[in-house]
Amino acid sequence: METAIPVWVIAIPIIGAFALFIKKDSDKYRDGIVIASCTIPFLLLLSIYSGATDGGVFYALSWLPGMELTFKVDSAGLLIALITAFLWIFCSIFSITYMTHEKNRCRYDFFSLLTLAANLGVLLAGDFFTLFIFFEGLLIFPYPLIAHKGDKAAIKGANLYLYVGVATSLLLLSGIVLLKHYTGGVDIAAVSGSVASTMSTGLKYQIAALMVIGFGGKAGLFFEHFWLPEAHPVAPSPASALLSAAMIKAGAYGIFRVVNLLFVPEGAASMADWLTLSNIGYATILIGTITMFFAVISALLASNSKRMLAFHSISQMGYIVMGIGCAAYLGKDGAMGLAGALYHIVNHALFKAALFLGVGAVYFRTNELDMYKLGGLMKNMPVTAICLFIAVCGISGVPLFNGFASKTILHHAIIESAEHGQDSILWIVEKIFIITAAGTFASNMKLFMLTFRGKRPEKYKDVQPAPLPMRVGMIGFSVAILFLGLFPNWLLETAIGPALSGFGYDAASHGYQLLYNVQTQVSGMGILYPGAETFSTVLHNLGSGLLAIGLGAALMFAGMKFGWFHFHVPKFATFDFYATKALRRLLNPWSTVVEKQS
Amino acid sequence: MEIDSIKPLLAILIPTIGSGFILWFRKKPNLREGATLITAFLMFFVVLSMIPSVLEGNTLHYILYSFWPSVPIGFRVDGLGLVFGLVASFTWILTSFYSIGYMRSLNEHAQTRFYFCFAVTLVATMGAAFSNNWFTLFLFYELITFFTYPLVAHHETHDAWEKANKYLAYLLGTSKLFLIPAILGTYYFAGSVDFAPNGIFPEGVDKTLLVLIYICYLAGIGKVAFMPLHSWLPASMVAPTPVSALLHAVAVVNTGAFCVLRVIINIFGFDLVGALHLGALSLGEVTAIIASITIITASIYCMKANNLKERIAYSTVSQLSYMVLGGALLTPSGLTGGIMHIAMHAFAKITLFFCAGSIYVASKKTHVSQLNGLGRKMPWTFAAFAIATLSMVGIPPAGGFVSKWYLMVGSTEANEFWTLIVLATSALLNAFYFVPIVINGFFGKSEEDEEEVAPILVPQSVGAAASGSLRGTVVSQIKESPLFVLVPLCITAVVSMLLGIFPEFLMQFVKLMQ
Chain A
1 METAIPVWVI
11 AIPIIGAFAL
21 FIKKDSDKYR
31 DGIVIASCTI
41 PFLLLLSIYS
51 GATDGGVFYA
61 LSWLPGMELT
71 FKVDSAGLLI
81 ALITAFLWIF
91 CSIFSITYMT
101 HEKNRCRYDF
111 FSLLTLAANL
121 GVLLAGDFFT
131 LFIFFEGLLI
141 FPYPLIAHKG
151 DKAAIKGANL
161 YLYVGVATSL
171 LLLSGIVLLK
181 HYTGGVDIAA
191 VSGSVASTMS
201 TGLKYQIAAL
211 MVIGFGGKAG
221 LFFEHFWLPE
231 AHPVAPSPAS
241 ALLSAAMIKA
251 GAYGIFRVVN
261 LLFVPEGAAS
271 MADWLTLSNI
281 GYATILIGTI
291 TMFFAVISAL
301 LASNSKRMLA
311 FHSISQMGYI
321 VMGIGCAAYL
331 GKDGAMGLAG
341 ALYHIVNHAL
351 FKAALFLGVG
361 AVYFRTNELD
371 MYKLGGLMKN
381 MPVTAICLFI
391 AVCGISGVPL
401 FNGFASKTIL
411 HHAIIESAEH
421 GQDSILWIVE
431 KIFIITAAGT
441 FASNMKLFML
451 TFRGKRPEKY
461 KDVQPAPLPM
471 RVGMIGFSVA
481 ILFLGLFPNW
491 LLETAIGPAL
501 SGFGYDAASH
511 GYQLLYNVQT
521 QVSGMGILYP
531 GAETFSTVLH
541 NLGSGLLAIG
551 LGAALMFAGM
561 KFGWFHFHVP
571 KFATFDFYAT
581 KALRRLLNPW
591 STVVEKQS
Chain B
1 MEIDSIKPLL
11 AILIPTIGSG
21 FILWFRKKPN
31 LREGATLITA
41 FLMFFVVLSM
51 IPSVLEGNTL
61 HYILYSFWPS
71 VPIGFRVDGL
81 GLVFGLVASF
91 TWILTSFYSI
101 GYMRSLNEHA
111 QTRFYFCFAV
121 TLVATMGAAF
131 SNNWFTLFLF
141 YELITFFTYP
151 LVAHHETHDA
161 WEKANKYLAY
171 LLGTSKLFLI
181 PAILGTYYFA
191 GSVDFAPNGI
201 FPEGVDKTLL
211 VLIYICYLAG
221 IGKVAFMPLH
231 SWLPASMVAP
241 TPVSALLHAV
251 AVVNTGAFCV
261 LRVIINIFGF
271 DLVGALHLGA
281 LSLGEVTAII
291 ASITIITASI
301 YCMKANNLKE
311 RIAYSTVSQL
321 SYMVLGGALL
331 TPSGLTGGIM
341 HIAMHAFAKI
351 TLFFCAGSIY
361 VASKKTHVSQ
371 LNGLGRKMPW
381 TFAAFAIATL
391 SMVGIPPAGG
401 FVSKWYLMVG
411 STEANEFWTL
421 IVLATSALLN
431 AFYFVPIVIN
441 GFFGKSEEDE
451 EEVAPILVPQ
461 SVGAAASGSL
471 RGTVVSQIKE
481 SPLFVLVPLC
491 ITAVVSMLLG
501 IFPEFLMQFV
511 KLMQ
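Chain order of the listed sequences is A and B.
If you read the first sequence in the working numbering, its first letter stands for residue 1, the second for the next number, and so on.
If you read the second sequence in the working numbering, its first letter stands for residue 1, the second for the next number, and so on.
The hints are simulated quantities; they were obtained by calculation from the structure and are not laboratory data.
From the three backbone atoms N, C-alpha and C, an ideal C-beta is built for every residue, glycine too.
Please note: incorrect hints may appear among the correct ones.
[To be verified] Computed from the model, here is a short list of chain A residues facing chain B with C-beta under 8 angstroms:
1. M1
2. I5
3. A147
4. G150
5. V166
6. K180
7. D423
8. I425
9. M560
[As the list claims (entries may be wrong)] Within a straight-line C-alpha distance of at most 30 angstroms, the following computed DSS-like cross-link-like pairs (lysine-lysine) qualify:
10. K511(B) with K152(A)
11. K561(A) with K152(A)
12. K149(A) with K445(B)
13. K445(B) with K152(A)
14. K27(B) with K156(A)
15. K23(A) with K364(B)
16. K7(B) with K149(A)
17. K176(B) with K149(A)
18. K156(A) with K304(B)
19. K152(A) with K28(B)
20. K304(B) with K103(A)
21. K166(B) with K24(A)
22. K571(A) with K373(A)
23. K166(B) with K103(A)
24. K152(A) with K479(B)
25. K365(B) with K23(A)
26. K571(A) with K581(A)
27. K28(B) with K156(A)
28. K166(B) with K156(A)
29. K365(B) with K103(A)
30. K156(A) with K377(B)
31. K445(B) with K24(A)
32. K377(B) with K103(A)
33. K149(A) with K166(B)
34. K365(B) with K156(A)
35. K571(A) with K364(B)
36. K571(A) with K377(B)
37. K152(A) with K207(B)
38. K377(B) with K24(A)
39. K373(A) with K431(A)
40. K28(A) with K377(B)
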């Protein structure tokens, strides 16, 4: 189907952003424009659902001679785009009152809408060139959102974000240029066939590394992650929610396009080509695993709640990247990994947004981000507490909440990979997976308990409930979390299942059949209901979920009792220390001179 | 097809006559500036009128006078020359407005000399852009040097004289020592110094001598500011900002890059540059290596420079080598990137200089470390600075991205993958030295926020005088510059953005060169 709707989806937030300046001083006008500019793209995206599942939606804009800006929307891209627009709607509603605390609202809304446009552009792009252009937009526009407060910490966090972004995007650009050189094009789908046949193995690894590291800067992969815990705590909460829930997904989306599409051989490919893909997948699994484990430890030790959530974002990105890796590692049987990654992208968007908004609501009323200084707010802010509890259950993968579904699928994927490869390292990965889930539960439940249970400090006696627009924002996400949690197969049937075609998977393989039966269009995955599987499988799934929760609960109580969570990592052992130091040296070579003079 | 046309001559005659009027009206500043503006507009329209026939694939020719056969003073307009001519003549209009605001705000002395030399330099720039052969090009090349000297020395302080002399010594020294021998050598071996689409050297010329001539060209064209012959450019920053803006971001320095491209394309030709070897490297690679060293080293100098104009000047040194690198890759995409970068860089860099001048006019601040928090006082200036920064780093949709993309594609086409690394590193360094200015401008806390601000006298400015709001008042705060300063810099910023969104316009000219 060829239609200009993808272009309009991107254009409307941009038009809206500039329309803000018409009546700068009217709050109502501005809020109306912002909500409309987020809602219209969402509706437009819904309208191309049937086109996207049925072969994809195309559009091309001519720009440079021989270089068109192409848009191609398939189910996977559409799903993430929809969830992005959904996030923006509810975060914008939330920010109506939240941002009354802050100055420069017009600037905030302006750049928020531009970020939305760039983010949607990344997801709807049909080739890597177009994708890169929007990716650069996604690098620049969030800067004023992060640096919004303008104090020293905010600028430091935003600078780290920017320079990591600039450096990695140059790697990405080099990768794209090399890709264009060797295959003659940048169209994601068209190139993928020729990549396998035309390139030497070493070249494939080089390009894959350049592009994965290039996208990984935004996704917060291990060793490129250090900007996240600095940038998220300083941004206004709705901005943190958007950054964490939507924007870093653009990085994961890029990795997903590279690993799961670009290097998938077509048709009668040789074993060597599949082996290359497997190796790329294996490396990706390891990066993802290191990321998730390392970040969850950092999260356990954090006391600033937004900093903790930032570490969880990194950790959850680790899950997603691990799933992407599994999909590539398993080759034709990788449907399970891909579905898990896609599902987790959606889920993480929902519960991470809800968590940031919940923490933001508490901050709005108490002006406190340190969770150890809060307590007993359950009575004061019941709606916020319930919403936050739902989100905590979601991120920890408690059965009946959405995280359980995606984590179950991812767990299946890693077990399949380990069985497939007979690889002991992958079995260790599987154990780390469970431990990380336990750590996630411990850390998030700790946040909930410390904030809403326990003894309430005297000064918070008269804390008011969160204002209505903020509650609407949080409830929107909570409902979505519960819905996906209670009907885990719904998303598989409507979006993820159809998205599996077109990635070179064998539709007759066991995993694919379970996830989505192409003939009947039904998902038989036994997550909460047996479906096509036996009741004992469901019990088994529930069992591993509950195992993680049990471990997590034990860890939390033990940690709280013995004060494990107050351990401070020495400064010299953190990346942040070196990164900041290097940056300061690079950016202010004269600063020492000036200080000496004065 | 080659057609005879008087238009190239007109483009040079108009500013010549205009400079006469400027001298004539020396006692009447308003008429004098009127003459400058009218001349600038007329010249631009003449250049514009050449576009249709050049786009049809023609080259415009005009032979003024032949000293001896085969070495005339002649003009020829092709795609490369027209891009350069268009950029220079368009930015002259804006710079003229800007100069009025700047020079009057600061009550500069010797303004007639300033406008006169400016106009003559533009005569020479047009002449260089539309030259038919190296002899003509050389005449105009030297004319530029001589008439920018009084502009650089404008302030007539000890410092200004010293730096202007350095400027002259570098540019004249290189051209006398190396450029003249190179041109004579070319004439000796090829029998002419005309520009031809694929080079002019016949078969069978001694290779060693050709290499020597090529190296002499590279060393002789001092205006391209290769390291280590670059230090005249930072020195020239002692001039008033409009001079730095138009001449040391567009006209003079682009003449240098333009001359090198002429040598590579029209004197030697791609084939010969690729075939000749110096040691194990082809001359294209040699040029690319020199350009790359300049790109990276100048960027590092940039990070150390605290004076804003000096930093921008070093950035110019670095960016000029992008254009040369584009040519030296000897591939269609590389050349496209190089030629496009002439325009992209011109608009971004002139914006940066305009902004530096605007900051100086409004606040008398010259150093990067003083600019914290200034963006909130001067949002338009700093927004323009931000757009130009995007273009310098090469982030879409700013123009710099398009040329960077073509340069990168060109370097893969040429199988010179190391230049990818050079380009990426340079973009990163660009971000490191320009982005903090924008960030600290908008978000930083100024030292004066806490201290008591010394009152700054805002002199009577033209723009403000028109609106009658700021006349001779003393304000305790920095305010945005007068409109005469502000509008040109906004226009150049917007143009640099538009060139990125609609690169098709430039591509038409670039295609003519392939």
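field: Numbered hints the structure breaks, given as an ascending list
entry: 1, 2, 7, 8, 9, 10, 11, 14, 15, 16, 17, 19, 20, 21, 23, 25, 27, 28, 33, 35, 36, 37, 39
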